[in-house]
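Under my numbering, the first residue of the sequence shown is numbered 20, with each subsequent residue one higher.
Do not take every clue at face value.
Across the chosen pairs, the derived CB separations fall in these ranges [to be verified]:
1) K24 - E48: 18 to 24 Å
2) M20 - R68: 15 to 21 Å
3) G30 - F55: 36 to 42 Å
4) R68 - L29: 17 to 23 Å
5) S46 - V25: 19 to 25 Å
6) D56 - G30: 37 to 43 Å
7) R51 - L29: 26 to 32 Å
The list that follows gives simulated cross-link-like pairs (lysine to any residue, SDA-like), each with its CA atoms no further than 20 Å apart [to be verified]:
8) K61 - L34
9) K24 - L34
10) K24 - Q52
11) K61 - R51
12) K61 - R49
13) K61 - A47
14) K61 - N41
15) K61 - S46
16) K61 - V42
17) K24 - S46
18) K24 - N41
19) K24 - K61
20) K61 - E48
21) K61 - G50
Everything labelled a hint here was simulated from the structure, so no lab data went into it.
In this text, a Cβ means the ideal position worked out from N, Cα and C, and glycines have one as well.
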Amino acid sequence: MRVSKVLAILGDDDLGHYPDTNVRGVSAERGRQLVFDGIASKPGGGSTRRQSKHFV
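Whole structure, please, built from the sequences with the hints as guidance.
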């Protein structure tokens, strides 16, 4: 069980910085791709047209 779920069960307030996993295409893997590769893949295949400005 994730720590965020345990905290929610215990009544902790949502701080607003948790990812909204109900949004299609949200994942840690997409974030990793942006950081390490500079470009992430689209949910339906292919790659995004936008490149991370922090990618060197």
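Comparing the hints with the structure gives:
no. : hint                  : result
1   : K24 - E48: 18 to 24 Å : 20 Å, holds
2   : M20 - R68: 15 to 21 Å : 37 Å, violated
3   : G30 - F55: 36 to 42 Å : 37 Å, holds
4   : R68 - L29: 17 to 23 Å : 42 Å, violated
5   : S46 - V25: 19 to 25 Å : 21 Å, holds
6   : D56 - G30: 37 to 43 Å : 40 Å, holds
7   : R51 - L29: 26 to 32 Å : 29 Å, holds
8   : K61 - L34             : 28 Å, violated
9   : K24 - L34             : 13 Å, holds
10  : K24 - Q52             : 26 Å, violated
11  : K61 - R51             : 14 Å, holds
12  : K61 - R49             : 9 Å, holds
13  : K61 - A47             : 13 Å, holds
14  : K61 - N41             : 16 Å, holds
15  : K61 - S46             : 11 Å, holds
16  : K61 - V42             : 13 Å, holds
17  : K24 - S46             : 17 Å, holds
18  : K24 - N41             : 15 Å, holds
19  : K24 - K61             : 28 Å, violated
20  : K61 - E48             : 11 Å, holds
21  : K61 - G50             : 12 Å, holds
Going through the hint list in order, the structure does not satisfy hints 2, 4, 8, 10, 19.
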